[in-house]
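If you're matching them up, the sequences are chains A and B in order.
Everything in the first sequence is counted per the working numbering, starting at 1 for the first residue and increasing by one.
Everything in the second sequence is counted per the working numbering, starting at 243 for the first residue and increasing by one.
Incorrect hints may appear among the rest.
Think about it this way: if two alpha-carbon atoms lie no more than 25 Å apart in a straight line, the pair counts; the simulated DMTMM-like pairs of lysine to aspartate or glutamate are [said to hold, decoys possible]:
#: 1; chain 1: B; residue 1: K384; chain 2: A; residue 2: D3
#: 2; chain 1: A; residue 1: K121; chain 2: A; residue 2: D225
#: 3; chain 1: A; residue 1: K121; chain 2: A; residue 2: D44
#: 4; chain 1: B; residue 1: K363; chain 2: A; residue 2: E99
#: 5; chain 1: B; residue 1: K363; chain 2: A; residue 2: D108
#: 6; chain 1: B; residue 1: K457; chain 2: B; residue 2: D326
#: 7; chain 1: A; residue 1: K121; chain 2: B; residue 2: D326
#: 8; chain 1: B; residue 1: K457; chain 2: B; residue 2: D471
#: 9; chain 1: B; residue 1: K363; chain 2: A; residue 2: D71
#: 10; chain 1: A; residue 1: K142; chain 2: B; residue 2: D326
#: 11; chain 1: B; residue 1: K384; chain 2: A; residue 2: D112
#: 12; chain 1: B; residue 1: K294; chain 2: B; residue 2: D350
#: 13; chain 1: A; residue 1: K121; chain 2: B; residue 2: D391
#: 14; chain 1: A; residue 1: K121; chain 2: B; residue 2: D414
#: 15; chain 1: B; residue 1: K363; chain 2: A; residue 2: D149
No wet-lab data here; the hints were simulated from the structure.
There are 2 protein chains.
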Amino acid sequence: MSDSTAIQALLFDVFGTVVDWRTSVAAQLRPFLARHNIGADPYDLAHAWRRKYQPALDEIRGGRRPFVRLDVLHRENLESALADVGVDPASIPAGELDELNLVWHRLDPWPDSVPGLRRLKQRFIIAPLSNGNIRLMTDVAKRAGLPWDAILGAEVVQAYKPSHEVYQRTADVLGMRPQEICMVAAHNGDLAAARQCGFRTAFVLRATEYGPNQKTNLRAEQDWDWVVDDLETLATRLGCPA
Amino acid sequence: MSDSTAIQALLFDVFGTVVDWRTSVAAQLRPFLARHNIGADPYDLAHAWRRKYQPALDEIRGGRRPFVRLDVLHRENLESALADVGVDPASIPAGELDELNLVWHRLDPWPDSVPGLRRLKQRFIIAPLSNGNIRLMTDVAKRAGLPWDAILGAEVVQAYKPSHEVYQRTADVLGMRPQEICMVAAHNGDLAAARQCGFRTAFVLRATEYGPNQKTNLRAEQDWDWVVDDLETLATRLGCPA
Numbered sequence: 001m002s003d004s005t006a007i008q009a010l011l012f013d014v015f016g017t018v019v020d021w022r023t024s025v026a027a028q029l030r031p032f033l034a035r036h037n038i039g040a041d042p043y044d045l046a047h048a049w050r051r052k053y054q055p056a057l058d059e060i061r062g063g064r065r066p067f068v069r070l071d072v073l074h075r076e077n078l079e080s081a082l083a084d085v086g087v088d089p090a091s092i093p094a095g096e097l098d099e100l101n102l103v104w105h106r107l108d109p110w111p112d113s114v115p116g117l118r119r120l121k122q123r124f125i126i127a128p129l130s131n132g133n134i135r136l137m138t139d140v141a142k143r144a145g146l147p148w149d150a151i152l153g154a155e156v157v158q159a160y161k162p163s164h165e166v167y168q169r170t171a172d173v174l175g176m177r178p179q180e181i182c183m184v185a186a187h188n189g190d191l192a193a194a195r196q197c198g199f200r201t202a203f204v205l206r207a208t209e210y211g212p213n214q215k216t217n218l219r220a221e222q223d224w225d226w227v228v229d230d231l232e233t234l235a236t237r238l239g240c241p242a
Numbered sequence: 243m244s245d246s247t248a249i250q251a252l253l254f255d256v257f258g259t260v261v262d263w264r265t266s267v268a269a270q271l272r273p274f275l276a277r278h279n280i281g282a283d284p285y286d287l288a289h290a291w292r293r294k295y296q297p298a299l300d301e302i303r304g305g306r307r308p309f310v311r312l313d314v315l316h317r318e319n320l321e322s323a324l325a326d327v328g329v330d331p332a333s334i335p336a337g338e339l340d341e342l343n344l345v346w347h348r349l350d351p352w353p354d355s356v357p358g359l360r361r362l363k364q365r366f367i368i369a370p371l372s373n374g375n376i377r378l379m380t381d382v383a384k385r386a387g388l389p390w391d392a393i394l395g396a397e398v399v400q401a402y403k404p405s406h407e408v409y410q411r412t413a414d415v416l417g418m419r420p421q422e423i424c425m426v427a428a429h430n431g432d433l434a435a436a437r438q439c440g441f442r443t444a445f446v447l448r449a450t451e452y453g454p455n456q457k458t459n460l461r462a463e464q465d466w467d468w469v470v471d472d473l474e475t476l477a478t479r480l481g482c483p484a
C-alpha cells in the first residue's frame, strides 16, 4: 500500500467514476423517446451521445477550436447523436433539446460515492476534476448530495483532460505540489496523464460504466498507488474512519 | 419586500459579510507579535494589512498589472503592513511570513453565517463571489463549515470586484440571467456594481466589521431588494424554513 501522509487533496473524475451517467441519461431519455414515438433504445442513444464526447474535446485539446464549456458541446452532440439513431433533430423544438441537454446535470451517484466522499472529506480537500463545466458539476452535486469542498475542473483552467495543463494549472490553483494531490478515476488514461504530471493515482473499478458488455478499464493498467472497487474502500485504505 | 421567486443563486461577498476577518486575523497575529517582541497592537496590524487591499486590487482592476491571486497580494501587502507598524519585514524569516500569510485561510464566520447558509442552501445555489482565491475560500469554508455549492469568485473569472466583468462572467458561468442571481454583501459598493449588472441585491449590516468605531456601511445606501441584520433573517425573508 502506498503512503498517503503527504496527500492534501483528492481530485475526482466524475462521469463514470462518481456518477453512473449511462443509466441516468438513458432513464431520462426514455420518456422523451416515448413522447415522440421514436423507437430507438434509450441506451443506444445515450451511448451515441457519449461517443461524440471525446472527438468534440479533441477539437479543443488540439487547438482547432477555442475553449467552450461542456454544456455547449453536449448540446451540439445531442443533434448528431439523434441523427445517428435515425431522428431528424430539426423535427424537435430547439427549446425541448435545450431542456433535454440538462439530463447531464441530473446524474445519479454510484451507491458508494456519497458515503465514500463523506469519509474522505474528513481528511482531504475533495473536489471534482472533471471535463464537466462548473454549473453542470454544481447541479449534479447539489442533487446527488456530493459533498465537494470546491468545484474544480476544465472550466476553471480552460482546458480539457487529459491535457497536462489541466492537472498542472489545477495544482497551481490549489497551491500544492503535484505529489500532494491524488487523482481518483475509473479510467486508466486519466490516471496516466495525472501521473505524468506528478500526481498520485487511485483507480476505481467501474466495470459497468458502459453496461454489461464493457470492454475497457476493467483492470488497472499500471501500478497505480491505490486500486479499489469503490470509494468506501478507498476511504478505508486512506485511513478515513467509517 | 421584493419577490424572490425568480432567484436561482445567491452569491456572497465573504470578507466582512460571511466571516469576521478583523477579529480572526488579529487573534492570529497576537502570538506572532509576542514571539518577536513587537509592541504593535494586533488590530492595528490587521487594519494596516487590510488597508493595502483595495490599492493592490486597483492595480489589477486598472489593467496596470496582470491578474494574480489574492494570496500573492496578501503576501506582498504583509511586508508593507509590517513596515507601517514599525517592523522591518526583512528581520522575519520569509518562511514565517509565508505561514503568517495563511491567517487569511483561517477566518471565523459570524455566528449567524453557518445556520443561515444551511437554510439558504435548501432553496438556492449558494457560492462565494469573493476576491479571495479558490484555495483561500476552500480552506475558510472547510474549517468554518460553510456549506457552499461551488467556489466562484475572482480567480474563476480572472478579475476583481467591483469590476463588472466579475458579475457578468459569473452569470455566464452559472448559465443564468443576471436577475436570477442575488448578490449578498455588507458593502454598498459591491451591491451597487452587482445591481448595475442586473443582479438582485441583499445588504447585510455588519456594523463591527472594522471594530467598534466603524464609520462605513452602517446603513443601506440604496433601496436594495433586501436589507437584513444577519443571514438567518435573510433566510426567513427568502422563505427558507428554519
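So, going through the hints one by one against the coordinates:
Proximity of B/K384 to A/D3 is assessed by CA-CA distance (about 24 Å); at most 25 Å being required, the pair is judged to hold. Taken as a hint, the A/K121 and A/D225 pair is honoured in the structure, with Cα atoms around 19 Å apart against an allowance of 25 Å. For the hint pairing A/K121 with A/D44, the CA-to-CA distance comes to about 36 Å; that exceeds 25 Å, so the pair is violated. With a C-alpha separation of about 24 Å, the suggested pairing of B/K363 with A/E99 holds against the 25 Å cut-off.
Distance hint between B/K363 and A/D108 is fulfilled; the C-alpha atoms sit about 20 Å from each other, no more than 25 Å. Distance restraint check for B/K457 and B/D326: the Cα-Cα separation of roughly 22 Å lies within the 25 Å cut-off, and the hinted pair is therefore satisfied. Simply put, A/K121 and B/D326 have alpha-carbon atoms about 40 Å apart, too far for the 25 Å limit, and the pair is violated. Of the supplied pair hints, the one linking B/K457 and B/D471 holds, its CA atoms being roughly 17 Å apart against a limit of 25 Å.
Between B/K363 and A/D71 the alpha-carbon distance is near 24 Å, which keeps this suggested pair within the 25 Å criterion. Note on A/K142 and B/D326: the hinted pairing is violated, with a Cα-Cα distance of about 45 Å set against a maximum of 25 Å. Our distance criterion of 25 Å between C-alpha atoms is met by B/K384 and A/D112, whose separation comes to about 22 Å. About 21 Å separates the Cα atoms of B/K294 and B/D350, which keeps this hinted pair within 25 Å; it holds.
Pair hint A/K121 plus B/D391 holds up; C-alpha atoms about 15 Å apart against a cutoff of 25 Å. Restraint check for A/K121 and B/D414: not satisfied, since their Cα atoms lie roughly 29 Å apart, outside the 25 Å limit. A distance of roughly 15 Å separates the Cα atoms of B/K363 and A/D149; the hinted pair therefore holds under the 25 Å criterion.
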